[in-house]
Amino acid sequence: MSWDSKRSYPVDARCNVSVKATTFQKGRWEKAAKLRGMATAGAFAAYAADMYLTLQRAFEDANHEHHEGLERGVG
Amino acid sequence: MKTASFTVRATMPQSIAWKRAADAEGFPSCGAWLSRAADAYLRLRAKAGIPLPLAWHLGRFRVRLEDGTEPELRGFVSPPFGIFHGSGAGPIPQGSTHSQTLVYLPGRRIVATFRVARQAKALAAELAGVWARSGGEAEDIRAGPLIERHEREAT
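Heads up: the sequence lines are chains A and B, in that order. Each residue of the first sequence is one higher than the one before, starting from 4 at the first, in our numbering. Each residue of the second sequence is one higher than the one before, starting from 20 at the first, in our numbering.
Please keep in mind that the hints were generated in silico from the structure rather than gathered at the bench. There could be a bad hint or two in this list.
As a list, the in silico DSSO-like pairs of lysine-lysine whose alpha-carbon atoms are at most 27 Å apart [to be verified]:
(1) B:Lys-38 with A:Lys-34
(2) A:Lys-23 with B:Lys-140
(3) A:Lys-23 with A:Lys-37
(4) A:Lys-34 with A:Lys-23
Just so we're clear, the structure is a prediction, and the values are computed from it rather than from any experiment.
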């Protein structure tokens with residue numbers, strides 16, 4: 004990461020994350036970016052990372068609810 | 020293996036969330052996690068069968084027509100699909116006849132014929148998901164119910 008740990012950052016602070024990828028990976032991300040109207044592979048990587056986390060949280064929430072429902076059913 | 024390095028610009032909340040995820044999943048750096056997450060997202064989309072957006076451009080491709088010939092036709096191309104103005108009987112070079120045919124290019128096979136290109140493109144976007152799930156290596160794709168639904172909706 005190109006930023007250091009500090010006590011606080013401005014609300015609109017931005018930072019750069021360095022990513023290494025194979026040329027095949029980068030080509031695939033560039034294609035995916037183009038299909039979604041994004042300018043660069045980096046823009047797609049940022050979007051995909053956010054979507055990955057969102058989907059992961061949605062899955063965990065649904066899983067948690069499902070297990071709670073099962074426990075209530077057993078009780 | 021050739022590698023490429025580039026930077027991803029992020030807001031502070033984004034980068035904090037990514038850093039937390041990278042730490043939690045045991046990645047040595049945020050960039051390494053980001054790379055894995057981008058690939059995982061593409062795989063998830065393909066597995067979920069979500070229609071994939073396709074970029075179309077003008078081009079030429081071969082099609083097996085009803086009479087057994089395989090002429091090279093002009094049309095819209097977005098591998099592995101093509102669309103030409105005409106039907107299984109052959110291309111319609113001019114005029115406003117509503118007939119747009121979707122072709123699966125690796126097999127040169129006609130998939131379906133619609134009144135407008137938009138309908139053919141919608142079916143291609145759904146079939147692209149099927150094709151991606153097969154790893155893009157299938158000689159032919161079989162998605163009968165999907166094609167039937169699109170043809171029903173189009174009429």
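Hints broken by the structure, by number, lowest first?
Violated: hint 2 alone.
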